[in-house]
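Engineer: Sequence:
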Amino acid sequence: MPRKLVSTESYHESLMESLKDPDEAAQYLNACLEDDDGRVFLLALRDVAEARGGIRDLSRHAHLNRESLYRMLSKSGNPSLDSLSAVL
Numbered sequence: 000m001p002r003k004l005v006s007t008e009s010y011h012e013s014l015m016e017s018l019k020d021p022d023e024a025a026q027y028l029n030a031c032l033e034d035d036d037g038r039v040f041l042l043a044l045r046d047v048a049e050a051r052g053g054i055r056d057l058s059r060h061a062h063l064n065r066e067s068l069y070r071m072l073s074k075s076g077n078p079s080l081d082s083l084s085a086v087l
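When we follow numbering that gives the first Met the number 0, the leftmost residue of the sequence shown carries the number 0, and every step to the right adds one.
In case anyone wonders, no lab produced these hints; they're calculated from the structure.
From the three backbone atoms N, C-alpha and C, an ideal C-beta is built for every residue, glycine too.
Take the hints with a grain of salt, since some may be wrong.
What the hints assert, rightly or not - Estimated spans, in silico, between C-beta atoms of each pair:
#	residue 1	residue 2	range
1	HIS11	SER79	16 to 22 Å
2	ARG70	LEU14	18 to 24 Å
3	ASN77	ARG51	20 to 26 Å
4	TYR10	HIS60	24 to 30 Å
5	ASP81	LYS3	53 to 59 Å
6	PRO21	SER67	24 to 30 Å
7	LEU14	ASN64	23 to 29 Å
8	LEU87	GLU16	20 to 26 Å
9	LYS3	ASN64	47 to 53 Å
With the hints as constraints, model all of the structure from the sequences given.
Structural biologist: Spelled out as structure tokens, the structure:
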């Protein structure tokens, strides 16, 4: 008997939609802080930024260079405390 294919929403789309809610975003960031790898938190910040207007919008609000912000919120990012504080 052939299997019926079910259309599902992608994980990324679902995550982006849920992170538009400030409470969901805060819970997501808190959960990522529990990981021993600090890069997980930086990537979570990038997800939240993307869901809430994008890196360009965040760079304007945080008064940071957009390219620097992309690097800071990457897997190899190493933000200064001042930069991280501006983003948060």
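Engineer: Now tell me, hint by hint, if it's right for this structure.
Structural biologist: Hints versus structure:
Take HIS11 and SER79: their Cβ atoms lie about 29 Å apart, and the range 16 to 22 Å is violated. A beta carbon spacing of about 22 Å between ARG70 and LEU14 agrees with the range 18 to 24 Å that was offered as a hint. Look at ASN77 against ARG51: about 23 Å separates their beta carbons, and that is inside 20 to 26 Å. For TYR10 and HIS60, the hinted distance range of 24 to 30 Å is satisfied, since their beta carbons lie about 27 Å from each other.
Roughly 54 Å separates the CB atoms of ASP81 and LYS3, a value that falls within the hinted 53 to 59 Å. In this structure the supplied range 24 to 30 Å holds for PRO21 paired with SER67, their Cβ-Cβ distance being about 25 Å. Distance hint check for LEU14 and ASN64: the Cβ-Cβ separation is about 26 Å, which falls inside the suggested range of 23 to 29 Å. Between LEU87 and GLU16 the C-beta distance comes to about 22 Å, which sits within the given range of 20 to 26 Å.
The hinted range of 47 to 53 Å is satisfied by LYS3 and ASN64, whose Cβ atoms lie roughly 50 Å apart.
Consistency note: the structure conflicts with earlier hint 1 alone.
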